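Engineer: Sequence:
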Amino acid sequence: MQHFDMIITGAGLAGLSLATHLVTSPLQNLSILLIDRSAKDKNDRTWGFWSNKFGIFDHLAVKSWDQFRFTSQSADKVIQLKDYRYKVIAGIDLYRNVQNMLAKQGNVKQITGTVRNIEDGADRVLVQTNDTVYSGTWLFNSMHKRSDFHIQPDCHHCLNLHFLGWEIETKEPFFDPNTPTFMDFRTPQGNETRFFYILPYSRHHALIEYTLFTRNRYQKGHYTRAMLSYLDRVMKIGEFNIHRNEIGSIPITDRGFPRRVGHRVINIGALGGMIKPSTGYAFTRIQQDSAAIVQSMLSQGDPFKVPGYSQRYRLYDRMILNIICNHGERIQTIFSDLFSRNPIERIFRFLDEQGSLQENIQLIYSLPHPIFLRSLFTRRVIRGFRPILTEHFSSYKKS
Numbered sequence: 045m046q047h048f049d050m051i052i053t054g055a056g057l058a059g060l061s062l063a064t065h066l067v068t069s070p071l072q073n074l075s076i077l078l079i080d081r082s083a084k085d086k087n088d089r090t091w092g093f094w095s096n097k098f099g100i101f102d103h104l105a106v107k108s109w110d111q112f113r114f115t116s117q118s119a120d121k122v123i124q125l126k127d128y129r130y131k132v133i134a135g136i137d138l139y140r141n142v143q144n145m146l147a148k149q150g151n152v153k154q155i156t157g158t159v160r161n162i163e164d165g166a167d168r169v170l171v172q173t174n175d176t177v178y179s180g181t182w183l184f185n186s187m188h189k190r191s192d193f194h195i196q197p198d199c200h201h202c203l204n205l206h207f208l209g210w211e212i213e214t215k216e217p218f219f220d221p222n223t224p225t226f227m228d229f230r231t232p233q234g235n236e237t238r239f240f241y242i243l244p245y246s247r248h249h250a251l252i253e254y255t256l257f258t259r260n261r262y263q264k265g266h267y268t269r270a271m272l273s274y275l276d277r278v279m280k281i282g283e284f285n286i287h288r289n290e291i292g293s294i295p296i297t298d299r300g301f302p303r304r305v306g307h308r309v310i311n312i313g314a315l316g317g318m319i320k321p322s323t324g325y326a327f328t329r330i331q332q333d334s335a336a337i338v339q340s341m342l343s344q345g346d347p348f349k350v351p352g353y354s355q356r357y358r359l360y361d362r363m364i365l366n367i368i369c370n371h372g373e374r375i376q377t378i379f380s381d382l383f384s385r386n387p388i389e390r391i392f393r394f395l396d397e398q399g400s401l402q403e404n405i406q407l408i409y410s411l412p413h414p415i416f417l418r419s420l421f422t423r424r425v426i427r428g429f430r431p432i433l434t435e436h437f438s439s440y441k442k443s
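Residue numbers (this note's numbering): 45 to 443.
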């Protein structure tokens with residue numbers, strides 16, 4: 045039976061990110077097995093993220109911008125990002141780059157196969173694929189299925205963040221390559237939260253993405269009609285060709301996810317709670333988590349000493365998800381006020397869960413008060429008060 049120091053099940057963003065952080069750290073000589081059921085050879089998604097620091101994958105960015113546009117029925121604003129940049133990485137570029145880099149490492153094995161069973165033990169973990177059993181010292185699991193996100197309806201919220209993206213080329217020069225559109229709410233909301241992204245790569249070339257937060261997914265025709273209506277009636281784009289499309293759905297919930305799930309198993313990625321519930325962003329959180337796992341291995345000898353969830357920010361996520369679930373059409377008003385009444389640094393620190401309590405209060409005070417108060421006193425949100433009070437009481441005692 046072949047043994048590895050690290051086994052990573054799932055070679056999506058979380059698995060490939062962790063592998064990259066491991067082989068570029070002092071742990072680079074540990075043996076690694078990476079298993080995924082697919083070859084990851086399709087350009088099936090695009091990752092967008094903001095950052096004011098250099099990241100391990102920044103060299104793969106298709107484009108980077110120092111400003112973006114926010115548009116709704118009541119606002120149209122170009123926002124300078126100051127020290128931040130909004131960056132975009134194509135899925136295929138990350139897949140190929142990491143796979144090629146790992147292939148040059150003599151201590152890394154990448155296989156395509158289905159994981160049939162995981163057996164956790166006190167001294168090792170066994171992973172069974174279709175025809176082979178591997179043993180490992182540690183297992184990092186990012187494989188998940190829809191049932192993993194089942195919730196207690198009276199305790200948590202759960203939505204689908206689903207999207208259709210078209211990479212198009214226009215006949216006439218149309219786009220401003222210096223200004224992406226972060227959110228454009230000029231589409232029928234249907235009592236839900238719906239908006240478009242525009243990521244312009246040149247005057248003729250851009251990725252347009254239709255994004256929805258909903259309880260249920262729709263037939264494919266709904267996304268196509270909404271996209272065509274937006275391009276024709278709102279953007280008035282004229283003639284264009286579609287070079288590529290991407291479609292997907294991400295489960296969004298405010299329930300907590302366990303990290304350590306055995307003697308030698310830790311969940312990563314979506315299964316480890318790395319998707320930000322109120323926005324759906326995960327790229328930066330996954331990089332931070334991968335770096336924290338490496339640091340835990342170096343300092344503790346195991347991967348489990350990683351930061352926990354901030355109960356304060358989980359409460360904010362719970363409030364926002366409650367509004368999306370019950371008053372989804374109001375989100376465009378909330379975001380209009382958010383970008384009109386706050387400096388971008390305060391907004392990004394809030395979304396990155398790095399702002400102080402004082403900053404959080406300033407930001408929330410700038411938003412429509414009545415709807416947040418109603419959200420705050422619903423049953424599912426009130427259930428989040430006990431852990432936040434415990435967290436702050438513990439911090440007070442330590443200080």
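Please keep in mind that the hints were generated in silico from the structure rather than gathered at the bench.
Predicted model, so just to flag it, every value in this text is computed and none were measured.
Treat the hints with care, since some could be wrong.
[To be verified] Derived Cβ-Cβ restraints for the label pairs, each shown as a range:
1. Thr268 / Thr223: 48 to 54 Å
2. Asn222 / Pro387: 18 to 24 Å
3. Arg418 / Lys264: 21 to 27 Å
4. Lys264 / Arg81: 35 to 41 Å
5. Arg418 / Asp220: 36 to 42 Å
[Stated by the list, open to error] The calculated lysine to aspartate or glutamate pairs, modelled on EDC-like cross-linking and capped at a C-alpha distance of 16 Å, are:
6. Lys320 / Glu216
7. Lys121 / Asp110
8. Lys86 / Asp276
9. Lys97 / Glu389
10. Lys107 / Asp137
11. Lys280 / Glu216
12. Lys126 / Glu389
13. Lys107 / Glu283
14. Lys215 / Asp276
15. Lys86 / Asp137
16. Lys97 / Asp137
17. Lys280 / Glu213
18. Lys84 / Glu389
Positions of the beta carbon are idealized from the N, C-alpha and C atoms, including for glycine.
Engineer: Please go over all the hints and tell whether each is borne out by the structure.
Structural biologist: Checked hints:
1. The hinted range of 48 to 54 Å is not satisfied by Thr268 and Thr223, whose Cβ atoms lie roughly 26 Å apart.
2. For the pair Asn222 and Pro387, the beta carbons lie near 21 Å from each other, so the given range of 18 to 24 Å is met.
3. Between Arg418 and Lys264 the beta carbons are some 35 Å apart, a value that contradicts the proposed interval 21 to 27 Å.
4. Between Lys264 and Arg81 the Cβ separation comes to about 24 Å, which falls outside the hinted range of 35 to 41 Å.
5. The supplied range of 36 to 42 Å is met by Arg418 and Asp220, whose beta-carbon atoms lie about 39 Å from each other.
6. Under the criterion of a C-alpha separation no larger than 16 Å, the hint pairing Lys320 with Glu216 is inconsistent with the structure, at around 38 Å.
7. With a C-alpha separation of about 14 Å, the suggested pair Lys121 and Asp110 falls inside the 16 Å cut-off, and the hint holds.
8. Taking the CA atoms of Lys86 and Asp276, the gap is about 29 Å. The hint is violated against a cut of 16 Å.
9. As the CA atoms of Lys97 and Glu389 are separated by approximately 13 Å, the hinted pair is consistent with the 16 Å bound.
10. For the hint linking Lys107 to Asp137, the alpha-carbon distance of about 13 Å falls within 16 Å, and the restraint holds.
11. With a C-alpha separation of about 12 Å, the suggested pair Lys280 and Glu216 falls inside the 16 Å cut-off, and the hint holds.
12. For the hint linking Lys126 to Glu389, the alpha-carbon distance of about 8 Å falls within 16 Å, and the restraint holds.
13. For the suggested pair Lys107 and Glu283, the alpha carbons sit about 24 Å apart, so the restraint of at most 16 Å is broken.
14. With a C-alpha separation of about 14 Å, the suggested pair Lys215 and Asp276 falls inside the 16 Å cut-off, and the hint holds.
15. For the hint pairing Lys86 with Asp137, the CA-to-CA distance comes to about 10 Å; that is within 16 Å, so the pair holds.
16. Using a Cα cut-off of 16 Å, the hinted pair Lys97 and Asp137 is violated, with the two alpha carbons roughly 21 Å apart.
17. Simply put, Lys280 and Glu213 have alpha-carbon atoms about 14 Å apart, close enough for the 16 Å limit, and the pair holds.
18. The suggested pairing of Lys84 with Glu389 is violated, with an alpha-carbon distance near 35 Å, which exceeds 16 Å.
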